[in-house]
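Protein chains in written order, with our numbering: chain A, 75 to 340; chain B, 75 to 340; chain C, 75 to 340; chain D, 75 to 340.
Hints should not be assumed to be uniformly reliable.
When chains are identical, the list treats them as one kind, so a pair holds in a single copy or across two.
[Said to hold, decoys possible] Here are the simulated lysine-lysine pairs, DSSO-like style, with alpha carbons at most 30 Å apart: (1) Lys77 - Lys167; (2) Lys281 - Lys167; (3) Lys77 - Lys268; (4) Lys281 - Lys77; (5) Lys167 - Lys286; (6) Lys221 - Lys286; (7) Lys268 - Lys211; (8) Lys211 - Lys281; (9) Lys268 - Lys286; (10) Lys281 - Lys221; (11) Lys77 - Lys211.
The hints are simulated quantities; they were obtained by calculation from the structure and are not laboratory data.
Number of protein chains: 4
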Amino acid sequence: MLKGYTLPRTPRGTSSLAPTPPWHYVGNALAVEFEASPVEAAAFMPEGLELSSGRSAAYFIEWQYTSENGEEYLDPVRSQYRETIILLSAEYKGLPVAYCPFIWVDQDISLMRGLVQGWPKQIGSTWITRSYDLPSKAAPILGPGGKFGATLSVKERRLIDAQVTLSELAASLPSPSFASAVNVRYFPELATEKHDLPAVHELVQLKSRDVKISPVWKGEATMSIFDHPYLELPDLRPVSVTAGYRFSFALTVDDLVHLCDLRTGM
Amino acid sequence: MLKGYTLPRTPRGTSSLAPTPPWHYVGNALAVEFEASPVEAAAFMPEGLELSSGRSAAYFIEWQYTSENGEEYLDPVRSQYRETIILLSAEYKGLPVAYCPFIWVDQDISLMRGLVQGWPKQIGSTWITRSYDLPSKAAPILGPGGKFGATLSVKERRLIDAQVTLSELAASLPSPSFASAVNVRYFPELATEKHDLPAVHELVQLKSRDVKISPVWKGEATMSIFDHPYLELPDLRPVSVTAGYRFSFALTVDDLVHLCDLRTGM
Amino acid sequence: MLKGYTLPRTPRGTSSLAPTPPWHYVGNALAVEFEASPVEAAAFMPEGLELSSGRSAAYFIEWQYTSENGEEYLDPVRSQYRETIILLSAEYKGLPVAYCPFIWVDQDISLMRGLVQGWPKQIGSTWITRSYDLPSKAAPILGPGGKFGATLSVKERRLIDAQVTLSELAASLPSPSFASAVNVRYFPELATEKHDLPAVHELVQLKSRDVKISPVWKGEATMSIFDHPYLELPDLRPVSVTAGYRFSFALTVDDLVHLCDLRTGM
Amino acid sequence: MLKGYTLPRTPRGTSSLAPTPPWHYVGNALAVEFEASPVEAAAFMPEGLELSSGRSAAYFIEWQYTSENGEEYLDPVRSQYRETIILLSAEYKGLPVAYCPFIWVDQDISLMRGLVQGWPKQIGSTWITRSYDLPSKAAPILGPGGKFGATLSVKERRLIDAQVTLSELAASLPSPSFASAVNVRYFPELATEKHDLPAVHELVQLKSRDVKISPVWKGEATMSIFDHPYLELPDLRPVSVTAGYRFSFALTVDDLVHLCDLRTGM
Chain A
75 MLKGYTLPRT PRGTSSLAPT PPWHYVGNAL AVEFEASPVE AAAFMPEGLE
125 LSSGRSAAYF IEWQYTSENG EEYLDPVRSQ YRETIILLSA EYKGLPVAYC
175 PFIWVDQDIS LMRGLVQGWP KQIGSTWITR SYDLPSKAAP ILGPGGKFGA
225 TLSVKERRLI DAQVTLSELA ASLPSPSFAS AVNVRYFPEL ATEKHDLPAV
275 HELVQLKSRD VKISPVWKGE ATMSIFDHPY LELPDLRPVS VTAGYRFSFA
325 LTVDDLVHLC DLRTGM
Chain B
75 MLKGYTLPRT PRGTSSLAPT PPWHYVGNAL AVEFEASPVE AAAFMPEGLE
125 LSSGRSAAYF IEWQYTSENG EEYLDPVRSQ YRETIILLSA EYKGLPVAYC
175 PFIWVDQDIS LMRGLVQGWP KQIGSTWITR SYDLPSKAAP ILGPGGKFGA
225 TLSVKERRLI DAQVTLSELA ASLPSPSFAS AVNVRYFPEL ATEKHDLPAV
275 HELVQLKSRD VKISPVWKGE ATMSIFDHPY LELPDLRPVS VTAGYRFSFA
325 LTVDDLVHLC DLRTGM
Chain C
75 MLKGYTLPRT PRGTSSLAPT PPWHYVGNAL AVEFEASPVE AAAFMPEGLE
125 LSSGRSAAYF IEWQYTSENG EEYLDPVRSQ YRETIILLSA EYKGLPVAYC
175 PFIWVDQDIS LMRGLVQGWP KQIGSTWITR SYDLPSKAAP ILGPGGKFGA
225 TLSVKERRLI DAQVTLSELA ASLPSPSFAS AVNVRYFPEL ATEKHDLPAV
275 HELVQLKSRD VKISPVWKGE ATMSIFDHPY LELPDLRPVS VTAGYRFSFA
325 LTVDDLVHLC DLRTGM
Chain D
75 MLKGYTLPRT PRGTSSLAPT PPWHYVGNAL AVEFEASPVE AAAFMPEGLE
125 LSSGRSAAYF IEWQYTSENG EEYLDPVRSQ YRETIILLSA EYKGLPVAYC
175 PFIWVDQDIS LMRGLVQGWP KQIGSTWITR SYDLPSKAAP ILGPGGKFGA
225 TLSVKERRLI DAQVTLSELA ASLPSPSFAS AVNVRYFPEL ATEKHDLPAV
275 HELVQLKSRD VKISPVWKGE ATMSIFDHPY LELPDLRPVS VTAGYRFSFA
325 LTVDDLVHLC DLRTGM
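Work out the full structure: start from the sequences and follow the hints.
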């Protein structure tokens, strides 16, 4: 009797890429709120969602993760990863939600957890300026005047350069935010006649619990998205940049809400 | 209308991690044939398969890949990857097949293509000695006396060290071989009550076409599998090592045979 | 007229691997104080130094760096790196100093700055548990009960596993400390008859300025150093582990003290 | 008595980043011959050399290396590396030589061997299309019509994209070639008053022995060098591309010729 939440499934079940939830996370995020072209952004909407505006956000996050009993953070190569997430403003049956057209992480464990949640994860390399608990010319302060940078590279091409200069505490998180994300779970068939008939194709809404958020710093931001020969991220290039943010958050994931089977429409 | 064989699905469909098959491959393989403990190996068998003997093989392969029209090999970071595969000798309804308990690759594109085929891929780092078309103290000859090494490391721990010294041309490939592999496709649910009720759980048989195989060199081999705190590969540690091999092969994949839905038994 | 503090030297001097000092650093350190075998440790002493005791320390540090005007921390792949340093207790002309037999970093810029200072840097991969400014099951608190891990891997072999459980604030830094490090600058010749007659071989004492140190947390620790086929680190394996530490520090480097030319003894 | 050709120097001398020469190499090279702007290229000439023309070459090489008795190729992470080299056409006292303004490798051992020879090595990521000994859509043939690509990325930015389509065997290697390279060995001081007074600054001529070269394939080529915020490689962007090449070569290095001490002019 093999065990394991994901492949590989094995006698004791300790080899699976992702263990059985709950999955606990804590991260430092740099975020940039921007306006994408509504025409371009609308073209990324999956069946079941409609674009509500061009308001978009890019999140760059330095995560640490642990499973319920694994204490993976003590062998940090199993626990730490960096992520870039793009979120668009959408509606599902008239309710505001976020939709993620692109997301990149730098660890396979995170990739697998993401696919299960419907995040369209690929491997990419994110770097984010850190603040430290000491004054130094080598680090920004976490406060007015602190300058932070973030970059994303995928398959050895720089895709995003962002910078944020903090100025004040903000009353709210950037928008759109994770809280309301709706994803598409998708797992294709390989049998010749079924290349277009996936085994799994469903609209789902993320659920998280035990969410904690630090004070949110806000300020001015810039963000460049560079040309790319095949990734369509440049379609979502900022028409204007609204603001930048820096905050920490923690959450636990062990559930998901099924909204609609996109194979049957039900 | 979004396009793409896998996530992310996008307006033009050029951003998907894995493109629509066919997928064309060519690789140089170093292989070690060994005997695992039949008791230990039997414990890795999925529902529907039975272990037929302890005869096992480890393959270390340096691949280059391209999609039907993508010419990915001209931007080789999209095309090249290295892989370690472990195969066990199994039977499906009395017919000899191979079963893969563990496989590691070093590129996300390969990871995704693998999951679709039921390969239990994780990210790992494989290194393989190369031969060159010139005599040099820095490389083995591809012939009698040529010594080749291969190593696998996962999350910064060395897992396998193998060495092969070629002595003669062989009449056949190592056994078990890819030709008859049976995999388990598995995609879990995340809704709380369904953590043990996967969306996809099926036994499948791989299909490949346009297979070409070079002359096969054979010789003596050694292989060490090192202790590991959570990966169960050491359960399959060699009781004895039979032989080593070095050969090249090419193949195309665009189909898969459904054998059994393991959720329903049909 | 070419410019640049190190190779490559170029028309505008902006391509050099390491820019002209000063170099500003800030880092989070996990440290383990331990006793090495005095006999083994003494064998690592360079000419001019004597071992004073088996008291040794391993530091695992997550750094951010910037040059005087470069603001490299805004393109953090140029600025951030992780480091493992081993320090032994030595004497130079009767004065207590630290001596570093091994040090690993994960960026070329840091490697080059290190060679200039006489640090015997190699590329290695260090991972260190992070604390966050939010309570989470995924991270330790920076205070009593907080558990931190650190690991080092080199050329795909795990070399060190360390764990520290914090219990109290400490009055002092671990010993030996960086403050008093004496290094050997060494740059060999390649002309056939001079393989043993280096161009540079001198004993130097590090200088840093504008040093700032956070409160220092201390507690119990464990540390394993694993066998290795050619790196001699296992010779310095802990006979006993004294304590673990966690603190931040910042410093600036732009000077070095020449102690002795080991080619001439002057 | 510490041993070792480079740092770290240790009791048994097996830990040094680079071992005592001889160093044996074998590699597969893709090369692009191009014309750079003579004005721009001349600005890269070190003291003692003069530019002879804009004729330049970029080499992309997949190497395997071993020391005299180390058999490093059997633990290939210690042996294999990829390299991009730029060579300019220069004269030394009226004799034609090659000069390398930029070179990138992906392993620390190669970086250190390079610094000792005066190669201005930095860490960069090179990918090169491979041919295989089997016909496959996934690989070019090593012959007329075979298309090969090569790319270079540094600190997560793509710097070079090159493509070569082979058409015929060539009578000679690309020019300028390695055979006549003149390098600058350079090792700076860190004492405050000596930042501009290096400890080592000399013009040297490379020596290699036991050189073997495969048949040389030649054809048409394209090469793009992309903008970069601080690396000056774009100054050497092709004005025109002459030809592309693909060949293998092997050599041994254990000597170097001193030409001139650039600190004293002698």
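Results of checking the hints against the structure:
| no. | hint | result |
| --- | --- | --- |
| 1 | Lys77 - Lys167 | between (38 Å within a copy, 23 Å between copies) |
| 2 | Lys281 - Lys167 | within (18 Å within a copy, 42 Å between copies) |
| 3 | Lys77 - Lys268 | both (29 Å within a copy, 15 Å between copies) |
| 4 | Lys281 - Lys77 | both (25 Å within a copy, 27 Å between copies) |
| 5 | Lys167 - Lys286 | within (28 Å within a copy, 53 Å between copies) |
| 6 | Lys221 - Lys286 | both (24 Å within a copy, 21 Å between copies) |
| 7 | Lys268 - Lys211 | between (58 Å within a copy, 24 Å between copies) |
| 8 | Lys211 - Lys281 | between (40 Å within a copy, 18 Å between copies) |
| 9 | Lys268 - Lys286 | between (43 Å within a copy, 26 Å between copies) |
| 10 | Lys281 - Lys221 | between (32 Å within a copy, 29 Å between copies) |
| 11 | Lys77 - Lys211 | between (51 Å within a copy, 25 Å between copies) |
The structure is consistent with each of the numbered hints, conforming to all of them.
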